[in-house]
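Now for the letters of each chain:
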Amino acid sequence: MGIIKAKNLLFEYIRRDEEGNVESINRAIDDVNIDVKKGDFVAVLGHNGSGKSTLAKHINALLVPTEGTLWFKDMNTTEEANLWLIRQSAGMVFQNPDNQIVASVVEEDVAFGPENLGVPTKDIWTRVEDSLNAVGMMEYRGHSPNKLSGGQKQRVAIAGIMAMKPECIVLDEPTAMLDPNGRKEVIRTVKELNEKEKVTVILITHYMEEVIFADKVYVMDEGKVVMEGTPRDIFSKVAELKSYRLDVPQVTELAYELKNSGLAIPDGILTTDEFVDAICKLRQ
Amino acid sequence: MSIIVDKLNYIYSPGTAYQKHALKDINLEILDGEFIGLIGHTGSGKSTFIQHLNGLIKATSGGIYYNGENIYDAGFNMKSLRSKVGLVFQYPEHQLFETTVFKDVCFGPRNQGLDELQVELRAYEALKMVGIDNDLLDASPFELSGGQKRRVAIAGVLAMKPEVLILDEPTAGLDPKGRDEILEQIAKLHTESKLTIILVSHSMEDVAKYVDRLIVMNRGEIAFNDTPREVFGHYKELERIGLAAPQVTYVMNELRKRGIPVSIKATTVEEAKQEILRVMKQ
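Chains as they are written, first to last, in the working numbering: chain A, 1 to 284; chain B, 1 to 282.
Rather than coming from a laboratory, the hints here were simulated on the basis of the structure.
The reader is advised that the hints may include incorrect statements.
Simulated coverage check for chain B against chain A, where a stretch passes if three residues somewhere in it have a Cβ under 8 Å from a Cβ of chain A [said to hold, decoys possible]: (1) 29-35; (2) 251-257.
Computed list of lysine to aspartate or glutamate pairs in EDC-like fashion (alpha-carbon distance at most 16 Å, straight line) [to be verified]: (3) K198(A) with E167(A); (4) K224(A) with E12(A); (5) K161(B) with E120(B); (6) K122(A) with E108(A); (7) K58(B) with D25(B); (8) K161(B) with E192(B); (9) K7(B) with E29(B); (10) K184(A) with E239(B); (11) K259(A) with E270(B); (12) K242(A) with D180(B); (13) K237(A) with D267(A); (14) K257(B) with D273(A); (15) K191(A) with E209(A); (16) K177(B) with E240(A); (17) K103(B) with E143(B); (18) K103(B) with E116(B); (19) K5(A) with D35(A); (20) K242(A) with E181(B); (21) K37(A) with D74(A); (22) K281(A) with E254(B); (23) K73(A) with E12(A); (24) K38(A) with E197(A); (25) K198(A) with E274(A); (26) K216(A) with D35(A); (27) K177(B) with E222(A); (28) K224(A) with E240(A); (29) K257(B) with E274(A); (30) K257(B) with D277(A); (31) K177(B) with D221(A); (32) K259(A) with E120(B); (33) K188(B) with E125(B); (34) K7(A) with D74(A); (35) K188(B) with D212(B); (36) K24(B) with E221(B).
Values in this document were obtained by computation on a predicted structure and should not be read as measured data.
Yeah, the Cβ is synthetic: ideal placement off N, Cα and C, and Gly gets one too.
Assemble the whole structure, with the sequences as input and the hints as a guide.
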């Protein structure tokens with residue numbers, strides 16, 4: 001069994017009027033089964049309102065299932081005794097960098113997590129330095145977070161999670177508010193943490209080009225997992241993805257269009273290099 | 001009719017330790033009916049600049065001429081400028097506040113002092129322009145999806161009948177389909193309602209697809225001002241200032257390097273497709 005496992009997971013947002021009578025029920029997650037292997041880089045795609053963020057919040061027990069079960073490291077998230085342990089080893093990073101920074105100096109912000117865990121002071125400093133180095137923000141340790149760019153702030157937020165030494169990081173659209181450079185910085189950082197520190201990564205995003213190197217991709221629609229596979233499997237199905245209001249990277253779309261126009265290009269091209277190789281082969 | 005920006009300078013907190021020269025000698029002409037893209041990394045001055053265009057920020061020096069009149073002249077009617085130059089901020093749905101969609105859109109024109117019939121007509125028309133169905137008019141704005149909320153917020157600005165519409169990252173946080181829908185609506189406002197559009201964006205793919213002219217800002221200055229095709233030809237310089245070109249630009253350059261005689265001018269998937277097909281058929 002993997003680090004995260006969901007079985008028949010179901011979650012309903014229930015709205016009540018002033019007397020507490022049920023006004024409406026919105027089923028945000030509908031019978032989801034997933035199994036994430038430790039150390040994997042997993043991406044979750046889906047349009048706005050498809051249930052991605054609701055699913056993410058189940059991983060560290062910010063939400064608990066209406067029906068079904070989610071286990072994080074074999075711990076059932078509905079059991080209150082597990083909450084602390086789960087939240088210590090499953091960290092979350094959200095969309096807006098300005099909402100997740102609490103201190104007025106970068107290193108103090110990163111120290112906030114381990115301090116709350118009761119880590120001894122001298123270990124906190126080692127952890128802060130290690131995490132800032134891991135995200136490439138060491139030179140800003142004494143700076144005020146206010147003066148950083150969006151990408152830098154997100155990296156500080158990630159360092160804050162890393163300092164808690166989690167086994168898994170869940171990132172909910174961490175690049176949605178960033179410019180192209182900021183986006184690249186954050187994705188490079190996350191990828192490195194996954195490769196070097198062996199942290200399990202769950203990345204939720206609307207940017208298709210950010211998921212091409214994931215080990216596995218889940219596509220959600222109306223609370224259900226509707227596609228699952230490697231990025232190549234998923235991006236081979238251009239028409240199906242579009243039916244879920246999603247898209248493919250530009251180079252994948254170009255290859256798909258050319259194939260439909262009669263060129264013998266393989267399905268599921270993911271990178272510029274693959275595309276150029278395919279075209280060069282055709283010319284020979 | 002046009003907007004002329006003449007040697008515009010803006011300095012934040014002058015004379016303090018936080019002094020920052022945010023806009024440096026900006027010269028620009030925006031013609032009636034243009035569709036302009038404005039790009040630049042975070043902190044390059046884009047947002048500061050667009051807030052000058054409807055008088056929310058007053059320049060430290062220099063002038064802005066709206067249809068020939070200097071907006072900084074003593075008798076200039078700032079209030080009418082703000083109706084004519086509509087500004088849609090980032091995440092505009094955070095500014096929705098009324099109990100129904102329709103009432104929310106009525107807020108702007110009512111503040112312009114129009115009579116109630118006019119107000120409602122305009123709100124109705126604006127919601128139609130952004131593709132919000134009639135059965136949503138009485139819904140609470142907070143019950144809508146992210147993309148719908150954003151379109152209602154844009155309708156709130158359109159109801160004031162602006163001549164120029166400035167949108168600051170209107171697609172941030174939307175899913176790909178939602179992104180396309182908003183951009184298609186904006187393109188329609190440009191072609192059908194003849195609005196002048198200034199689109200601030202972080203998506204090179206989007207600006208390549210829609211705009212006629214692209215303005216690139218870097219450190220408070222204009223680095224490029226040309227068609228997307230010409231600007232993206234300088235992709236190496238764009239990378240140095242924290243930007244990039246659309247993925248197809250890289251594809252075409254790479255093909256060319258590998259000896260395939262494609263033109264490197266393509267900036268959209270459709271253009272790249274046609275160009276590759278042309279070369280492959282030879």
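Hints and how they fare:
{"no.": "1", "hint": "29-35", "verdict": "violated (count 0)"}
{"no.": "2", "hint": "251-257", "verdict": "holds (count 3)"}
{"no.": "3", "hint": "K198(A) with E167(A)", "verdict": "8 Å, holds"}
{"no.": "4", "hint": "K224(A) with E12(A)", "verdict": "13 Å, holds"}
{"no.": "5", "hint": "K161(B) with E120(B)", "verdict": "13 Å, holds"}
{"no.": "6", "hint": "K122(A) with E108(A)", "verdict": "13 Å, holds"}
{"no.": "7", "hint": "K58(B) with D25(B)", "verdict": "14 Å, holds"}
{"no.": "8", "hint": "K161(B) with E192(B)", "verdict": "14 Å, holds"}
{"no.": "9", "hint": "K7(B) with E29(B)", "verdict": "11 Å, holds"}
{"no.": "10", "hint": "K184(A) with E239(B)", "verdict": "12 Å, holds"}
{"no.": "11", "hint": "K259(A) with E270(B)", "verdict": "13 Å, holds"}
{"no.": "12", "hint": "K242(A) with D180(B)", "verdict": "12 Å, holds"}
{"no.": "13", "hint": "K237(A) with D267(A)", "verdict": "8 Å, holds"}
{"no.": "14", "hint": "K257(B) with D273(A)", "verdict": "12 Å, holds"}
{"no.": "15", "hint": "K191(A) with E209(A)", "verdict": "13 Å, holds"}
{"no.": "16", "hint": "K177(B) with E240(A)", "verdict": "13 Å, holds"}
{"no.": "17", "hint": "K103(B) with E143(B)", "verdict": "15 Å, holds"}
{"no.": "18", "hint": "K103(B) with E116(B)", "verdict": "12 Å, holds"}
{"no.": "19", "hint": "K5(A) with D35(A)", "verdict": "4 Å, holds"}
{"no.": "20", "hint": "K242(A) with E181(B)", "verdict": "13 Å, holds"}
{"no.": "21", "hint": "K37(A) with D74(A)", "verdict": "12 Å, holds"}
{"no.": "22", "hint": "K281(A) with E254(B)", "verdict": "14 Å, holds"}
{"no.": "23", "hint": "K73(A) with E12(A)", "verdict": "24 Å, violated"}
{"no.": "24", "hint": "K38(A) with E197(A)", "verdict": "12 Å, holds"}
{"no.": "25", "hint": "K198(A) with E274(A)", "verdict": "27 Å, violated"}
{"no.": "26", "hint": "K216(A) with D35(A)", "verdict": "11 Å, holds"}
{"no.": "27", "hint": "K177(B) with E222(A)", "verdict": "15 Å, holds"}
{"no.": "28", "hint": "K224(A) with E240(A)", "verdict": "15 Å, holds"}
{"no.": "29", "hint": "K257(B) with E274(A)", "verdict": "15 Å, holds"}
{"no.": "30", "hint": "K257(B) with D277(A)", "verdict": "12 Å, holds"}
{"no.": "31", "hint": "K177(B) with D221(A)", "verdict": "13 Å, holds"}
{"no.": "32", "hint": "K259(A) with E120(B)", "verdict": "50 Å, violated"}
{"no.": "33", "hint": "K188(B) with E125(B)", "verdict": "14 Å, holds"}
{"no.": "34", "hint": "K7(A) with D74(A)", "verdict": "12 Å, holds"}
{"no.": "35", "hint": "K188(B) with D212(B)", "verdict": "14 Å, holds"}
{"no.": "36", "hint": "K24(B) with E221(B)", "verdict": "6 Å, holds"}
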